[in-house]
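There are 2 protein chains.
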Amino acid sequence: MISKNQIKLIQSLKIKKYRHKHRAFVVEGDKMVKELLSIDWKKENEGLVKRIRVVYAVKEWIEQEQVLIDEYPSLQFELISAAELAKISQLQTPNKVLALVDFNDLSMELSLQNSLVQHALVLDHLQDPGNLGTIIRIADWFGIERVYCSNDCVDLFNAKVIQATMGSVFRVKPYYVALEKLMQDAKREGLPIYGAMLGGEVIHKSSFERKGLIVIGNEGAGIRSSIQPYLSHKLSIPRLGKAESLNAAVATGIICAIACL
Amino acid sequence: MISKNQIKLIQSLKIKKYRHKHRAFVVEGDKMVKELLSIDWKKENEGLVKRIRVVYAVKEWIEQEQVLIDEYPSLQFELISAAELAKISQLQTPNKVLALVDFNDLSMELSLQNSLVQHALVLDHLQDPGNLGTIIRIADWFGIERVYCSNDCVDLFNAKVIQATMGSVFRVKPYYVALEKLMQDAKREGLPIYGAMLGGEVIHKSSFERKGLIVIGNEGAGIRSSIQPYLSHKLSIPRLGKAESLNAAVATGIICAIACL
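So the sequence lines, in the order shown, correspond to chains A and B. Numbered according to our numbering, the first sequence terminates at residue 259, and the numbering increases by one at each position without gaps. Numbered according to our numbering, the second sequence terminates at residue 259, and the numbering increases by one at each position without gaps.
Derived by calculation from the structure, the hints in this document are not laboratory data. These numbers were taken from a predicted model, which means no experiment stands behind them. Any given hint could be a false lead.
[Unchecked claim] Where chain B lies over chain A, by a calculated footprint (3+ residues, C-beta under 8 Å):
(1) 146 to 152
(2) 224 to 238
[Claimed, not checked] Computed cross-link-like contacts, DSS-like style, restricted to lysine-lysine with a CA-CA straight-line distance of at most 27 Å:
(3) B:48 / A:240
(4) A:14 / B:158
(5) A:203 / A:240
The beta carbon of each residue, even a glycine, is placed where N, CA and C say it ideally should be.
Work out the full structure, taking the sequences as your base and the hints as a guide.
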């Protein structure tokens, strides 16, 4: 069962304003909900997810996952019809299960000094939800724990972002920050700041320290001019053909594959 | 002006069956149409595009691009209203211009022997349109001229594929082929066949020949088991974190960045 008010609430979460008003977002689909349930709750307060309010699922999923459901006695699982699911789903093809989730505050006072033990990604005005989600998945693959998003990046809780992370959003820690402040802190603390720029040093020939910030620019405009002076290492991915640019997530993957190994 | 029949024809091209029946597809948006117009027509018969039937544009675009339009005296530019454009557009937010394009046959008798001068990509059952488009863009960046798609890959002329290539689809040559036949030919001719597989050799430590096939597997299932025995080099991208997998286009970018340089 799902009430009309609850349907209305969940539908409102398609819009950023309401996600942040209610501090809630949706997680959809069998794989994503299972990733959500597998969060290490001892670390709960450090992560993105504050708590799972309720998991809505159709009969087929409830029956199939009874063993899993029994592992979470304090969690509310609600049986709904396929028609009800279609009303609250943000997917083109609704799956069988959808969780309503409260999130933790992602802005924070940054203390890079004692806390950064490896590379962190910094995203400058990233706009495409699929790119943000894919980059969080890349971070999770390469063991990067932090992704700093500039305050003007696309909203993390956009359903397309969440889905594109394939569950990595529950392991990687994304923060929204004032970018220049972050750069100033990193510079003061002597951290290297890497960024891909036209005319930079060929990335394959660069040497990377064990920890630093890797800045990824906006899909169209690259790294904004006010941030460029902070880069201690300008890198480039050699172009052998004619494409004007690489997709931002692909470029991130290439840089991480070389910088993290 | 655009006739009702023409609107109907273009709308039908949302569906693969009709794209292939009419051997036509649409190219949308200012950037993409300009990339289309900039095709080197001397190489016309070798490429994807057979001819541009007509370019539909709203008044603003026609006025703004008069100089460009004058460069193509034999090409038909048609002024249409924003409402008409919305009817034929496949974009969520219709742009100002849309071209109707005839395509060339993409299946071919392969003769790898004398023709392959560099690496070529081979896509095994790739399903996501965004991934296929992004991979074509990657190929174009790294100077890879050929992308062989298995016959069960997503249709190249899907609007999402075309848009995601950012114009690279007009420079890279994509072919649809019987995958096993291609593998047999490559093996007979002694070409190396690289493929990313769990448990493969760490890609950073691999050495690459100057030309060969690089096989990219399906998003969920990887490289199909009937193709795996053909791989002469099994590669892996080291995983330092917890993500189950990398996005197929991101993995392609990483492999190309290492294999092509």
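Hints versus structure:
1. 146 to 152: violated (count 0)
2. 224 to 238: holds (count 4)
3. B:48 / A:240: Holds, at about 21 Å.
4. A:14 / B:158: holds (25 Å)
5. A:203 / A:240: holds (22 Å)
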